Every structure is written in C-alpha cells, then in structure tokens.
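Student: Below are the chains, spelled out letter by letter.
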Amino acid sequence: MSEAAMPLWEVFIRARNGLSHKHAGSIHATDAEMALHAARDVYTRRGEGQSIWVVRSSDIVASDPVDKDMMFEPTASKIYRHPTFYEIPDDVGNM
Amino acid sequence: MSGTCETIMASNQTLFSYVLRLADDHLILSQRLGEWCGEAPTLEEDLALANIALDLIGQARALYAYAGQVEGKGRNEDQLAFMRYERDYQNLLITEQPNGDFAHTIVRQFFISAYMDPFWRRMESSKDEMLAAIAAKASKEVTYHLRHTSEWVIRLGDGTRESHERMVEALDDLMMFTGELFEMDAVAQEMLQSGVGVDASDLKAEWQHTVQTILQEATLELPKAGHMQTGGRTGRHSEHLGHILSELQYMQRSFPGLTW
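Chains C and X supply the protein sequences, listed in that same order.
Counting from 12, one number per residue, gives the positions in the first sequence under the numbering used here.
Counting from 643, one number per residue, gives the positions in the second sequence under the numbering used here.
Derived from the structure by calculation, the hints contain no laboratory data.
A portion of the hints provided could be inaccurate.
[Stated by the list, open to error] Derived pair list, reagent style DSS-like, types lysine-lysine, alpha-carbon separation capped at 30 angstroms:
1. C/LYS33 x X/LYS779
2. X/LYS769 x X/LYS779
3. X/LYS846 x X/LYS779
4. C/LYS33 x X/LYS782
5. C/LYS33 x C/LYS79
6. X/LYS715 x X/LYS769
Just so we're clear, the structure is a prediction, and the values are computed from it rather than from any experiment.
Here chain C stands alone, though its shape is the one from the complex (with noise of 0.2 angstroms):
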C-alpha cells in the first residue's frame, strides 16, 4: 500500500478520565475517519481506552537530534528548578 494512499498517524489514547492522551503506537489510513476506526481496533481491543486522538505523522514538528545538547543539556545543570526544597505539609499528601 503506497505511503500516499495510506499515509501514517500517530494515535493517542486517553485510558481513564483525568488522564491525559498518551502516544500508543501509530497506524496507517487512508484519512481521519478511518485512522481513528484503525486506532480503535489495533490499540484499543482489551479496554484501555474512553477516548482517542489521531493526527498525521507528517504534521507533528519534532526536536532534531542534533539539536539534542542545546535543547536539553542546559536544563540538567539547574537543580533549583526542581520542587525539592520545600517542606511539603503531610495534609497536602502526594504532590
């Protein structure tokens, strides 16, 4: 089946409400409509989901690689952006 006739989607699932979509796994379809029938037989056949999101792989932007220093390094050295100092209240329970 050629890439322009069934081109790829990247499909996410929401297990349980409150939760947030995560990425399943992907499909090929040949549209919307049918991307979101493919996602639900492939990715959902044992329960894990109350709702799905699809979206062509072509349109999600993605970080290079070789940007991979730049983007994420800087970050690693700033331990005061982490939340570890304070002194949470036992009242608040797990944050």
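Could you slot chain X onto chain C? The hints should help.
Tutor: Frame of chain C, contents of chain X only:
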C-alpha cells in the same frame, strides 16, 4: 392440563429453533471473517475484521448457550455449534457466501450489519429477558460494524475505477441473498406474536434507506431486486456450507469434547 403442557412444549421448541438460527447466522459469518486473519489487505484491517469476527463469535456463544438451555436436553454451546450436520444449520445463505475479494467481504458485512443493527435494537424490548440482554450487548457492537463497513463502502465505491468496478460486481453478486433477511416463516411469526421475536419483514424499509444512503454517497447503486435465493432457514444451503463445516468442525469431530 395436558393441553397447556403441550403448548409450552411447542413454544419451547419454537424458541429453541428461533435462537438456534440466530446463533448459526453469527457462527458461520464469524468463521468466514476469520478466514481473513493474516490475509487482510493491511494489518489494521486484519485486526478490524478479526474484531468483528470475535464480536460475532461472542454473540453466537451467548445464543448457543441459551438455545441449549431452552432445549433442555443437556447440549452445550460446543455441541450445538460443532456437532450438527449440514442440513441442521439454519443460517441465512448470505452468511456462508465466500469472502471473494475485499469488496465482496465488505458488501456482505455491510448488508448484514445494516440488517442486524435495527434487528438487535428491536430485540432489546423482547419479552424474553435473555434475548433482550443479548440484544443490548450486541446492538452496540453491530453499530460499529455498520459504521466501519459503511466507511469502506464509501471509499471503495468513490475510490479508484477498479475499486468502484469491484464494488459494483460485489453488489450484483450478493443482492440475491438479501431477500431472505426479511422472510417471516412460521417460527418467526410465532415468536413475533408472543412478543419474543422481531418482525423481520418490517425492517426492510429501514434497511433499504440505510443501504441506499451510503451507496449514494459511494456513487453506487443498489441493484434491482431480481430473483432472490432462499432456503437457509430450512437447511437448504449453497455448496459452500459443507466446506465451512468441515474446517469448523474438524477439531470437535476428531477429538469430541475437546476444550481449551
């Protein structure tokens, strides 16, 4: 007293027959769809067809188990599904038609789903609680089958010249098996009158509307209704059923009572 008893016996026999034929429809169609497993045009559609087949198997199991209970002779779902002879099967002829190409499989499933969708919805208000419960579960499943096959009909009909031609051929080949869907024999009549069954003849207008709406969008036409094949409900089948059964029944015939 004995009169009342006979009436109950008779209606139990009718209910058994009514439930059994519905079970046969789902088992045979499911077996046909299962033949696509590993062979479908794409991985996605392979799973989609297998999912539909599994829905149908689930419905068949519930129906066979209930039929065995109604019959009261101790036959379980496996014995009813696997240990009967060809002429004892009462499935609609359309369910046993070969998969053909993808267009034939889709048209067959589309025709049947457009029929079973309103069928199960009406069965939900059956006086028979078990059938009503089976219908409630099945109707959600078949609504998806109808939607999925409808989308394919539209894309294949309004797709390439070849996909369009193949759809025209599939519609022509399968049209003659659609008359049987709406037949009401004595068993169906008795079940309708006792508030258990569905008036299949009354589903025809809705079926035609559903099918024609989708076909129109697909730039296809429903072929003119010519001669209609019939006989499944009385065990008179096409040559295909015997071959299906030889594969379907092989394990239980070789190892009777085998379980997973």
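Student: What are the numbers of the hints the structure violates, in ascending order?
Tutor: none
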